[in-house]
Amino acid sequence: AQTVTQSQPEMSVQEAETVTLSCTYDTSESDYYLFWYKQPPSRQMILVIRQEAYKQQNATENRFSVNFQKAAKSFSLKISDSQLGDAAMYFCAYANSGYALNFGKGTSLLVTP
Amino acid sequence: GAVVSQHPSRVICKSGTSVKIECRSLDFQATTMFWYRQFPKQSLMLMATSNEGSKATYEQGVEKDKFLINHASLTLSTLTVTSAHPEDSSFYICSARASGGPYNEQFFGPGTRLTVL
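In order, the protein sequences belong to chains A and B.
The opening position of the first sequence corresponds to residue -4 in our numbering, with each subsequent residue numbered one higher.
The opening position of the second sequence corresponds to residue 2 in our numbering, with each subsequent residue numbered one higher.
There may be inaccurate statements among the hints.
What the hints assert, rightly or not - The list that follows gives simulated cross-link-like pairs (lysine to any residue, SDA-like), each with its CA atoms no further than 20 Å apart: (1) Lys100/A - Met46/B; (2) Lys100/A - Phe29/B; (3) Lys100/A - Ile13/B; (4) Lys100/A - Lys42/B; (5) Lys42/B - Ser25/A; (6) Lys100/A - Phe68/B; (7) Lys42/B - Ala66/A.
To be verified - Which residues of chain B face chain A? A partial, calculated answer using Cβ under 8 Å: (8) Leu45; (9) Ala73; (10) Pro111.
As the list claims (entries may be wrong) - Across the chosen pairs, the derived CB separations fall in these ranges: (11) Tyr49/A - Asp28/B: 27 to 35 Å; (12) Lys50/A - Leu118/B: 31 to 39 Å; (13) Gln30/B - Ile41/A: 16 to 24 Å; (14) Asp76/A - Gly62/B: 39 to 47 Å; (15) Pro36/A - Pro87/B: 21 to 29 Å; (16) Ser10/B - Ala11/A: 29 to 37 Å; (17) Ser10/B - Glu56/A: 22 to 30 Å; (18) Asp76/A - Lys67/B: 43 to 51 Å; (19) Thr83/B - Asp26/A: 33 to 41 Å; (20) Ser2/A - Thr18/B: 25 to 33 Å.
FYI, nobody ran anything at the bench for these hints, they're computed from the structure.
Note that CB positions come from ideal geometry on N, CA and C, so glycine has one too.
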């Protein structure tokens, strides 16, 4: 079974600064997908960024980027120029093709002015 | 982007009654839908995988007779909580995977908050 570990229950960052959220996972598969989801107080799950395991290049979406280390099974999320609207729960997730998402326990991100 | 709706968004019911939650993909066909449960301040836990036209696959520990799932069309899956009890109170979220969609992407509904008195 695959497991996803987020070791930071809570993180805090000042507005305009950069923060990195950690995620590690365990799998014996070679082909899989990794995701970061954001869940604001509305509880709507919002996809932040995705990474295909076969791609060596780290995914980037505007202010969000990942550091994907396949050998180390690490998938961290970097948020640059943090904004107040970035405050939310962030979940790291793993999935094999066609299968459901396996979520970590989440990291609550606080953004201070 | 693809839109998934859930109805109702919030429901309060008495212990022993049954509650049906609908999950619809509004602008795409979803061969697979997933049902998750999220307790306060916790992560999403997969309950079952629903494939159109076939029986749902339940995760270990999820009672299939209590959580009835029907996926009768490519745009609709329903979750019925039968004989609900207070411990079933939770936030239920569905997601839908588009037929032939890339990257295994799933689109999430807004969730349903169930409170059983």
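Hints, verified against the model:
Between the alpha carbons of Lys100/A and Met46/B the distance comes to roughly 10 Å, so the proposed pair stays at or under 20 Å and holds. In summary, the hint linking Lys100/A to Phe29/B is not supported, as the alpha carbons are separated by about 30 Å, beyond the 20 Å threshold. Proximity of Lys100/A to Ile13/B is assessed by CA-CA distance (about 27 Å); at most 20 Å being required, the pair is judged violated. Between Lys100/A and Lys42/B the CA atoms are separated by roughly 9 Å; this keeps the pair inside 20 Å, and the hint holds.
With a C-alpha separation of about 32 Å, the suggested pair Lys42/B and Ser25/A falls outside the 20 Å cut-off, and the hint is violated. At roughly 24 Å between alpha-carbon atoms, Lys100/A and Phe68/B are farther apart than 20 Å, so this suggested pair is violated. Only pairs whose Cα atoms come within 20 Å are accepted, and Lys42/B paired with Ala66/A is rejected, the gap being roughly 31 Å. Look at Leu45/B: its Cβ gets to within about 5 Å of chain A, closer than 8 Å, so that hint holds up.
The restraint placing Ala73/B at the interface with chain A is violated, with a minimum CB-CB distance near 20 Å, outside the 8 Å limit. Hint status for Pro111/B relative to chain A: holds, with the closest Cβ pair at about 5 Å, below 8 Å. Separation of Tyr49/A from Asp28/B is about 29 Å and conforms to the stated range, judged on CB atoms against 27 to 35 Å. The supplied range of 31 to 39 Å is broken by Lys50/A and Leu118/B, whose beta-carbon atoms lie about 49 Å from each other.
For Gln30/B and Ile41/A, the Cβ-Cβ distance of about 22 Å falls inside the hinted range of 16 to 24 Å, so the restraint holds. Range check, Asp76/A to Gly62/B: Cβ separation about 42 Å, and the 39 to 47 Å hint holds. Taken as a hint, the range 21 to 29 Å holds for the pair Pro36/A and Pro87/B, whose Cβ atoms sit roughly 24 Å apart. The hinted window of 29 to 37 Å between Ser10/B and Ala11/A holds, with their beta carbons roughly 35 Å apart.
Taking 22 to 30 Å as the suggested C-beta distance range, the pair Ser10/B and Glu56/A conforms, at roughly 28 Å. Separated by about 47 Å at the C-beta atoms, Asp76/A and Lys67/B satisfy the suggested range of 43 to 51 Å. The supplied range of 33 to 41 Å is met by Thr83/B and Asp26/A, whose beta-carbon atoms lie about 38 Å from each other. The given range of 25 to 33 Å is broken by Ser2/A and Thr18/B, whose C-beta atoms sit roughly 41 Å from each other.
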